[in-house]
Amino acid sequence: MKSYHADERGYYGEFGGAFIPEMLYPNCEELRQNYLRIMQEPSFKDEFHQLLKDYVGRPTPLYFAKRLSEKYNTKIYLKREDLCHTGAHKVNNTIGQILMAKKLGKNRIIAETGAGQHGVATATVCALMGIECVVYMGEIDIARQAPNVARMKMLGAEVRPATSGSKTLKDATNEAIRDWINNPVDTHYIIGSVVGPHPYPDMVARFQSVISEEIKNQLQEKEGRENPDYVVACVGGGSNAAGAFYHYLDTPEVGIIAVEAAGKGIHSGESAATSALGKIGIIHGSKTLLMQTQDGQITEPYSISAGLDYPGVGPMHAHLYASGRGEFISITDDDAMNAGMELCKLEGIIPAIESSHALAIFEDRKFNPDDVVVINLSGRGDKDLQNYIDYFKL
Amino acid sequence: MNRIKQKLQEDKKILSIYFTAGYPHLDDTIKIIQDLEKNGVDLIEIGLPFSDPLADGPTIQASSTAALKNGMNTALLFEQLKDIRKTVSIPLILMGYFNPVLQYGVEEFCAKCEEIGIDGIILPDLPLDVYQEEYEVIFKKHGLINVFLITPQTSDERIKDIDSASDGFIYMVSSASTTGAKQGFGKEQSDYFDRIADMNLNNPQIVGFGISNAETFGQATQKAKGAIIGSAFIKHLTENGVNGIGDFVKQIR
Ligand SMILES: Cc1ncc(COP(=O)(O)O)c(C=O)c1O
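The listed protein sequences derive, respectively, from chains A and B.
Mapping the first sequence onto my numbering, position 41 (from 1) lands on 41, and the numbers just tick up by one.
Mapping the second sequence onto my numbering, position 182 (from 1) lands on 1182, and the numbers just tick up by one.
It should be emphasised that the hints constitute simulated quantities derived from the structure, not laboratory data.
Careful, some of the hints might be misleading.
[Stated by the list, open to error] Derived BS3-like pairs (lysine-lysine); straight-line CA-CA distance at most 27 Å:
id, chain 1, residue 1, chain 2, residue 2
1, B, K1187, A, K106
2, B, K1069, A, K264
3, B, K1069, A, K167
4, B, K1235, A, K167
5, B, K1182, A, K167
6, A, K279, B, K1069
Isolated chain B (complex conformation) (with noise of 0.2 Å):
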């Protein structure tokens, strides 16, 4: 079985952690990945950098820029993580922007992932109707789950459709923004959170963007099956390269 549906049927809150790949140095990818399973992460998101990330605020912007700055590209991350499954067990997802996917090659990119043992894509600008007129064959065909997104915009009948397309989980965008870091979440989170979580939708759903620490955390958490960090971690990595990632998921929970 895919290793993100066995880790979602595990009783417990997912912690899941987005990083972005050849930040803040170019070979800091494996010591990440490994730091972070090692001290009790149950998803990581490895973040393929974009030139124009247009969905990210301006923490994951500027890792993004560094990273590419670096040298980071997609066949480079490949070479990196082709021996990721000797040492890490956990699943993992590869987040990016879709044309430098496209520029890979789709199928050669979802035949990659299979090979080192990737276990889902996000890719925020890959409409659904096109995955499935185009797209869903190959991800299928290689073992690979999508993730889709929705919004607090997303209209329930659209939230449907995107629960039969899905296989896995939902990453449920906390508000209206872009990614970074907020203070908390107030009145208009929880009723968005109660909304979904009463949909009762077949896929479970993983929080994202605004969670920062053990108290986001725990509110995004109360109803939904689990949650991501992103730019609070960077910004981890930004102060303190790749020390102390332990101390980083311990403040969380």
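This is chain A alone, in the form it adopts within the complex (with noise of 0.2 Å):
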């Protein structure tokens, strides 16, 4: 049967690989031989788990929106990853890399972060294991994230401004590969979404697909059976919607449906829509879908959520998008931050403005009075209190 999974070599399709220079290659290779061994033994499951269970505060709820599900017509779960401990998905990998981390003898720890959300949830585990924390962040997302980057101070994290480029997460990004080409035998680096060379896209896939296992299990117990009609998931890089697709993937009749920002509209010029405005091509060491000239030079995506300004999308989304396997729909910055605020209203729920984004999709996108529809909800809205003040006058 046809697999939408990664292949040994880290291939969705014609897309992944490990695109990196000579100088990243021991630490690539040594990952990329032991992940797989390091997370079947049984005290690395162990421990993961307990950390997930104690720690993050797993399993998150599966909740039915009762009057989300009224407005709409159809059967509307949420995913309550926004309930995670830090306020969203992004711990569930950084707990997972760490002790990763740690397995593999490494003594300091690298990240990269565009809103903050995933420095801080490596902060977090860093402080949690005692190691040392180096968090690289855009110059102009320093400025506008300054809750977070309080937060990973006071977690004990050094933020280093990425002063190179447009100053933004994918800059961020290559200080953080620099950094590592700069240290390579004490320093693991912990990238933040499905993104970077093999095994990266597939390692993270596989410590958020506890998102999936969850569904499979609530939803058996609520409906009566595994599989919903749908899951959805907005896609930034790709890595709370790999964790929610990941154990559907291969199941033919569950619709995958990707949510990308289209930020002021598609052909705006200001968008982040990668799979619309993306061409295959090579990115932080995975090839992929990406937004560039035609000269191939990388360009920078806009949109009004900090968490989905990426100019690519991890490989296996650009497989799902290739194949066909799934549908892509993106979504203008009004239509998220008003999908965002009736969330509010009838839920009781201020969600992250990423997650906005998957739940703005019942304005278009209809479904059956009977489907049941999983909408992960990746993160919670605090961060992005600022914004919505802002958009909304409050």
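Build the complex from these two chains, which are given one at a time in their own frames, with help from the hints.
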């Protein structure tokens, strides 16, 4: 049967691989040779699951959103990743990777961050384990995400400004990769999404796959079946989506819907809808869909949501798009903001603006009354309060 | 015979200079190449600027950003170089990242290189296995030498694989780092230089990263066949424009 998972060389169809300079080869190779073995060790599994339970607060609820369902005349469940410690799904991955780093004998952690959610999740697990932590963050993002910068500092991380290029997430990622080149032996790089060279996309997807593992069990309990008709998630790099889709990838009767940020409109010149605007190329060591000029220079995306503001998508998603397995929808800033506000009013939940993009599909995408639609609510809106205040003049 | 191979047979240490095309000004490319040759440089690496140069330190990053802002792109560089072989005879290598080459089309890119008289290509993020499976045939068809990198962390086994995949020289990265001039070499580097020399590889090695003056050039070429200067030359261009290229070269050797 055709599979939508990575093959052993890290390819999803024609996407993926490890397009890295030789300087990174030993680092990635060490990880590639060990990650599956380590993840299967009982001591690793036990510690991972214990921390997810006691520290992160898993399993997160699968909540039937009654009023939202009534409004859109279909059965909508919310997977409550917003209730994770630190406020988003990102911590599932950082818990996994910090344990991986320890098994590999690393004593220094680096990470990149855009909005700061992954930076906070990384700083958190480093504090938990007492490991040195350096987070790269674009100079522009540091200025517009001050509360998360403060959180990282309180958690003991050093936040280093990325001053090159466009001074945002892709440049922070470049700086983290350069740091890794300069510190190849003692340092582990905790990438924050299903992007980067093999084995990162597969490893991060496996750590996030706990999301769909839980959905299966919870749906069985609530609906008497493991499979929803649709599972929906927003895609920046694609880690919350990879986790929500993971155990359904090879189950064709489950529809997969990936929601990208259209920004001010796909053709406005200010967008992050990679599947619509991207072409195959290489970014951060991975062959994937990517927004770029005709000359192959990577372009700067735009979205009101900093977490969706990435010019590529993980190779799993590029393949879901190219193969037609996934349905890709893009949502504008305005529609996302309104959907976020609607969830506040109908369900008493303030979502992250990233997650609001996934919630916004119901205006245009119609479902049958007896369809079961699971939305991955990837994060909570605390970090976005200033954005909501400015947008709605609260 | 390919000009790189011919040059490597000469009984001398090779001085190779890297610069970013389109920097400091868009039209400086030809003048820089001609002046470098006139002043005795053996080999030139012409950098194709990229928006996201992962393996480069601040100096080359800044030159790439400036070159792109000046309007440099792959097609324009080829246009600038189209008559280069009327005036320049030393080997020329194009160095860049894989994505712009992929967008241009690897086959078209290689054909254009052959037409102009480019002798070799360095694409640090095109991995060995992908090159061998998909592109080696194309490079060879167009007479292009592909240059691979090794670093102090590269295992002996992999160095041997790279040596047998190479057909020209091996680019020996001096230390675990991105590009950029440093303060001299220490014991770690001399041990590494010795280790590689003792492997008796088929391909000569040219050392790059961290070479900025006569002293580091001398240290790097004690065992290796040659050395590459990049960031230090870019700094010279930043400070002096295209003036005094001869003075820069003479202070190296
Ligand atoms: C709440 C939330 N959702 C989604 C994302 C997007 O990342 P990914 O696509 O990897 O899930 C982020 C990234 O910061 C986030 O904070």
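Okay, the hints, checked on the actual structure:
1. K1187(B) to K106(A): holds (24 Å)
2. K1069(B) to K264(A): Given pair K1069(B), K264(A) holds - Cα atoms ~25 Å apart, limit 27 Å.
3. K1069(B) to K167(A): holds (16 Å)
4. K1235(B) to K167(A): holds (22 Å)
5. K1182(B) to K167(A): Since the Cα atoms of K1182(B) and K167(A) sit roughly 25 Å apart, the hinted pair holds (cutoff 27 Å).
6. K279(A) to K1069(B): holds (22 Å)
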